[in-house]
Each structure stands twice: as C-alpha cells, then as structure tokens.
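Below are the chains, spelled out letter by letter.
Number of protein chains: 4
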Amino acid sequence: MPPVLLPPALTAPPAFTVRDPGYEARTRESFERQGAMRTLGARLVGLQPGFCAIEITPGPALSQQHGYVHAGVIAAIVDSAGGYAGFTLFPSDASVLTVEFKLNLLAPAEGERVVAEGQVLKSGRTLTITRGEVYAERGGKRTLCALMQQTLIAMHGKSDA
Amino acid sequence: MPPVLLPPALTAPPAFTVRDPGYEARTRESFERQGAMRTLGARLVGLQPGFCAIEITPGPALSQQHGYVHAGVIAAIVDSAGGYAGFTLFPSDASVLTVEFKLNLLAPAEGERVVAEGQVLKSGRTLTITRGEVYAERGGKRTLCALMQQTLIAMHGKSDA
Amino acid sequence: MPPVLLPPALTAPPAFTVRDPGYEARTRESFERQGAMRTLGARLVGLQPGFCAIEITPGPALSQQHGYVHAGVIAAIVDSAGGYAGFTLFPSDASVLTVEFKLNLLAPAEGERVVAEGQVLKSGRTLTITRGEVYAERGGKRTLCALMQQTLIAMHGKSDA
Amino acid sequence: MPPVLLPPALTAPPAFTVRDPGYEARTRESFERQGAMRTLGARLVGLQPGFCAIEITPGPALSQQHGYVHAGVIAAIVDSAGGYAGFTLFPSDASVLTVEFKLNLLAPAEGERVVAEGQVLKSGRTLTITRGEVYAERGGKRTLCALMQQTLIAMHGKSDA
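Heads up: the protein sequence lines correspond to chains B, C, L and H, in order. Going by numbering that gives the first Met the number 0, the first residue of the first sequence is number 0, and it counts up by one from there. Going by numbering that gives the first Met the number 0, the first residue of the second sequence is number 0, and it counts up by one from there. Going by numbering that gives the first Met the number 0, the first residue of the third sequence is number 0, and it counts up by one from there. Going by numbering that gives the first Met the number 0, the first residue of the fourth sequence is number 0, and it counts up by one from there.
Treat the hints with care, as some may be off.
According to the in silico footprint, chain L covers these stretches of chain C (three or more CB under 8 Å from chain L) [what the hints assert, rightly or not]:
| # | stretch |
| --- | --- |
| 1 | 15-26 |
| 2 | 30-37 |
| 3 | 124-138 |
Listed below are the simulated SDA-like cross-link pairs for lysine to any residue, each with C-alpha atoms no more than 20 Å apart in a straight line [unchecked claim]:
| # | chain 1 | residue 1 | chain 2 | residue 2 |
| --- | --- | --- | --- | --- |
| 4 | B | 121 | C | 136 |
| 5 | L | 157 | L | 25 |
| 6 | C | 140 | C | 90 |
| 7 | H | 157 | C | 109 |
| 8 | C | 121 | H | 125 |
| 9 | L | 157 | C | 109 |
| 10 | H | 121 | H | 141 |
| 11 | C | 157 | H | 140 |
| 12 | C | 157 | L | 14 |
| 13 | H | 140 | L | 14 |
| 14 | B | 157 | L | 123 |
| 15 | C | 121 | B | 106 |
| 16 | L | 157 | L | 32 |
| 17 | B | 140 | C | 125 |
| 18 | L | 157 | C | 124 |
| 19 | C | 121 | B | 121 |
| 20 | H | 140 | H | 96 |
| 21 | L | 140 | H | 37 |
| 22 | C | 140 | B | 14 |
| 23 | L | 121 | H | 28 |
| 24 | L | 121 | H | 106 |
| 25 | L | 121 | H | 141 |
| 26 | B | 121 | C | 14 |
| 27 | B | 157 | H | 66 |
| 28 | B | 157 | L | 14 |
| 29 | H | 121 | C | 140 |
| 30 | H | 140 | L | 32 |
| 31 | L | 157 | C | 107 |
| 32 | B | 140 | C | 157 |
| 33 | C | 157 | L | 123 |
| 34 | B | 157 | H | 32 |
| 35 | H | 157 | H | 28 |
| 36 | B | 121 | C | 156 |
Keep in mind that the hints were calculated from the coordinates and are not lab data. Built from N, CA and C at the ideal position, the CB exists for glycine as well.
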C-alpha cells in the first residue's frame, strides 16, 4: 500500500494550547506507571503537544497464532499513544481515561520495530478525539499496519499521580 | 479546533492503481442510483482515484432536535464518500458494500455547506479501508465536525449497474 | 443467520432509574423536532426506560445503488434509537448528543419494514453507552441486518426543548 | 449498572452449523500458539460453537497508570475471545484474522478475575461478526466493564497450524 495524500485541512501545522508547561515530565511519569507497557516491552519514543509515539520489538512474547504481533498488542500501544497524546494537552490536575477506540488492521505487523503514533484531532474540556496509525518497519521500509480512532475523557480534579 | 499536522507518512502523494479507466463515469452513475442521496439533496462534488467528496446544504429537512445536521445524515454522506472513494479503484465488474464504519462527532454541523470527504488508505482485493472527514463551512470558515473510519468489501463478478 | 443466545448476564431484567417521570412525552416531543427523521419517514414505535425503537418503510427514496436501504439511513435510525433510549433516563434539564457510534452491516435491508432498536447498557452521569440492532421484516420473517455500539453525552442544564 | 434485558430476537438459542467436528482441539491448539496470551497470563476458559471465554488475573503486570487493567489488555483478551468464537465455526483448512474491532470501556477492570466473552452474531463464508463483553469479578459480584463489536475474515485454504 502506498503512502496517502490526506485532504489539505489535515496537513496544516497544529496549534494546540499547552495548559501545563510540565506536560512532558507528567506524561512520561504516567507512562512509567503502566505495568502493561512494561510487560509488553513498550517504549515511549516520541512526545509533543498532542502527539505521542510508542514502539515495541516484535517477537514470540507478543505474537498471535501465526507469529505476527497480536492485534491486542497493537491495540494496547496505539491506545496508550492516543491516550498520552491527549494527556499532553490536559491541565496538571486531570487524569485521562479511554472511553472507546476502534482499530482496523491493514497488514500483518512484523519486522524489527512496530511503532504506534497517536495524534489529537480535537481537545475539548471533557472529551478528546484522537487518531492513531501503527507502522511496521523492516530493512528501512515502513508499512502502515493499523488505523485507530479514539475518544478520551478528562477527569478534572483527579490528578493522575 | 485548529488544523492538525499528521505524521509524514500520511502526507506523501498517493499512488493507487486505477484498474478501470472508466471509473469516473461508473462511479457517478452509481451515485445517481442512490435514492437516499437524492432524498438528502446530496451532491457528488469531488472524485479522484481513491477520493470522493459529497456535500449537502443544512436545513430543517436534515436536522436533529436542536436544528443541527442529524448525525445520521452526516453518517450517510461520509459513508457514501468513503464507499465511492473505494469504488473508484475497483475493476469494472465489481460492486461495493459497506462492511462497517465508525463515526465520531466533533462539532455541531451547521452553516452554508457541509462536505464529507472519503479517502482510501488501503485498497485490497477483497477489503478496502477508508477514512473520512466532514467539514461545515460558514462565511469562508471551515470547521472539522466529524471523523470516520470504514471497511468496504468488493463483490467481484457482480457488476454494480 | 440464526438468532443468538447471549451470555446470561445480558438477559436479566433491566433496573434503570427513571429520573424524569415525564420521560415519555419529553422524548416523543424531541423526536418530533428531528426534521431528518421526518424526511426519512421514520416513526418512533417503541419507548421504555432505556429502550427505543424506530421504524422505516423501505423504498426508492431510502435506497443505495442496488435498491436496498442505504447504510446511512440504517445509521440514522439506529443512531436516533440509541440516542433516545439514553434520553429516556436523563433528567428533564439535560440534552443528548451522540459522541460516536460504530455500525456493522450484516445483511441487505429490504422488506415491508425495517426497525432499529436501541438499548442502554450503561447510563452514567456524563456518558451513556448503548447497543443497537436493526431488523428487516418480510412476510413475517425477521432478519438481523445491522449491529451498533454507541456513546452519548448528557449536556446538563441545557434543556432539549 | 444493572444487568440488561436485550430484545427477544437476541435471546433465542443459537443454531450455528459446525463445519469441523474437531473445532475444539483446533481452537485450543491455536490459542496455545498465541505468545501474547501467554505473556498476559490469559487462559481459555470457555469454548462452544460460536462462543469463547478468556480470563486474566488483574495485577501490576497488566495495569494502566492507576492500577486498573489496561484498556489494551482488555482489548487483547476480548479480541482473542471474539476471534476464537468465530474460529470454532470455520472449516478445518481456514485461518482467522481480525479485520477490525471497536471497544467501549464502561467501568474500571479490577478484582480477582476479569473474563472476556466473545459471541458470534453472523458467520458468513468470508466475514464473521462478533460481539464481546468483559466482566470484572470481585467477591462474587460481576461488573460489566467493556463492550466490543468485531469483524473477522476467514482465510480459506490457509490452515492455521
């Protein structure tokens, strides 16, 4: 599958308001508390306001029955990537919970690295909407293997820590 | 909500293979047979390989209880936009059916024009995956009001006409 | 496709708290204000706390390109059915908005009547989660043709009327 | 949240055709090959034609940042439960892949046991549609904590083993 040209309005620069200048430390600290990410060997490898990238290394411990990365593992890293993309834009006294997400699997995930990227598309006071893409990388080639769309809720007054 | 910078891999030019050079006439003719689009006053206003745009004019006949465009009407035009985006890439002897789609509503849809844009992200032999965005336009300003993710199936050997 | 036995926990009687004894008149009045439902010829044919059914009569005005009911029309009635199922449980000073829904199409919708049933599965203060089923009826036979899962938000202090 | 009464048509007994009498051994053997399920400590605890249940024991290794079971772990077990529910109905020479799924989180997952139940609602030659529910159990009390809707594809002629 070739790369894809998205409509013009989705390619312009972002302009999200960062409500907590300490968003990076706050987000990384929260990620460290996710035992499930540690169990999957997942690493937070990219963080900007409204954006988060999380990678894993494919292997037998993360596989489905044919040896590819399990769809549930793909779901786990792209759910966290979307969730922390949203969390970067939250005030410091709010927690994030996933309301729901939907995941399409486009190609088997295998190779040296699989990376999930979450991007905020709307950051509201209560609800945040994100999209995510998951890529498998092998020998310098990047394959789009999953697409996600997600709804998050901010729990105000419930500090994450 | 500001426009959004998507990851680099999603902004490169598309390279879809057109299997039927007569895709445009075939797609427009199929759209004309959708009585539901006529009932909603929907117009096909953009068509390229892997891309389709459909617009409506907001008004009382398309409204929900507060006067905005009904989420189901948004769903109808973005489902058709995604479906015909996929259909442009089909061979001439195949029909398209929607397997499923998921729609997030981000902002009330109102204004002079509401336009749904569907874009293919993977065109497989059996399944096609698309994303869609719906924008409301008022006084030259464009607001992103819905996001869709969709799965289509190609029915080979069942000509659409 | 045969009918399906769902897990025991989902078949016990409901026990939702009705916060507004006038829920039925309030819900029917809101439905009447949905111009899109009138345009589709949709009728509200069932209403209980946490449940709503909406029917349409298939025909050329609601069709997709092969003559079946358009997936977007299915989406519209099942979105309203789920939304009003949730709305029956709201206090009288709250409005309902659809946050998102996901729809699977299982069989072509055709016949004498198509009915969408929405059922609340969780009614929270802010968010409500529903499921929906859409059936096509022909000659006394009922075919399951779509499944929906939906998130609603209650706008407190914003009376619907 | 109370248990919920679903519409009559969804409560009748199932009548799926089992195409492979050896479905149980075939399904259990495939589950054993899912390294990701082993990593999460997941056990297959229920299997019938069109139905599969998978359980985990909540704990720090499966947690999100607040100590509850991570949404991605919930996703992983309910995706496998739906997938193997569908797989029970496949012929012996077909593999199963998840096309997509959508997950709503309704309540924090914690307690002594979390169990995901997948149920087929339509088993077609190419596509299978399932629904899933995830329950958390503590002290004999069962809480519905997630709802799923899923599309599977059968890869005929590609034996799973």
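- Pair hint outcome, residue 140 of chain C versus residue 14 of chain B [Cα-Cα no greater than 20 Å]: It holds: about 16 Å lies between the C-alpha atoms, which stays within 20 Å.
- Query: With a cut-off of 8 Å between beta carbons, are at least three residues of the stretch 124-138 of chain C near chain L?
  - Reply: violated (count 0)
- Message: Run the distance test for residue 157 of chain L versus residue 124 of chain C: straight-line Cα separation, threshold 20 Å.
- Response: Violated - the C-alpha atoms of residue 124 of chain C and residue 157 of chain L are around 48 Å apart, more than 20 Å.
- Item | Claimed coverage, the stretch 30-37 of chain C by chain L - three or more beta carbons nearer than 8 Å | It holds: at least three residues are needed, and the stretch 30-37 of chain C offers 7 whose Cβ sits within less than 8 Å of chain L.
- Message: Would the hint linking residue 121 of chain L and residue 106 of chain H be met if the CA-CA limit is 20 Å?
- Response: holds, 9 Å
- Query: Going straight from one Cα to the other, do residue 157 of chain L and residue 107 of chain C come out at no more than 20 Å?
  - Reply: holds, 15 Å
- Decide if the proposed pair is consistent with the structure: residue 121 of chain C and residue 125 of chain H, CA atoms, cutoff 20 Å inclusive. Distance of about 18 Å is within 20 Å: holds.
- Would you mind confirming whether the straight-line C-alpha gap from residue 121 of chain H to residue 141 of chain H stays at or under 20 Å? Status violated; Cα separation ~27 Å.
- Restraint check for residue 121 of chain B with residue 156 of chain C, where alpha carbons must lie at most 20 Å apart: Given pair residue 121 of chain B, residue 156 of chain C is violated - Cα atoms ~42 Å apart, limit 20 Å.
- Message: Please verify whether residue 140 of chain H and residue 96 of chain H have alpha carbons no more than 20 Å apart.
- Response: violated, 34 Å
- Given the hinted pair residue 157 of chain B and residue 14 of chain L, is their alpha-carbon gap at most 20 Å? violated, 30 Å
- Taking 20 Å as the top limit, are the C-alpha atoms of residue 140 of chain B and residue 157 of chain C close enough? violated, 36 Å
Checked against the numbered hints given earlier, the structure breaks hints 1, 3, 6, 7, 10, 11, 12, 17, 18, 19, 20, 21, 23, 26, 28, 29, 30, 32, 33, 34, 36 and satisfies all the rest.
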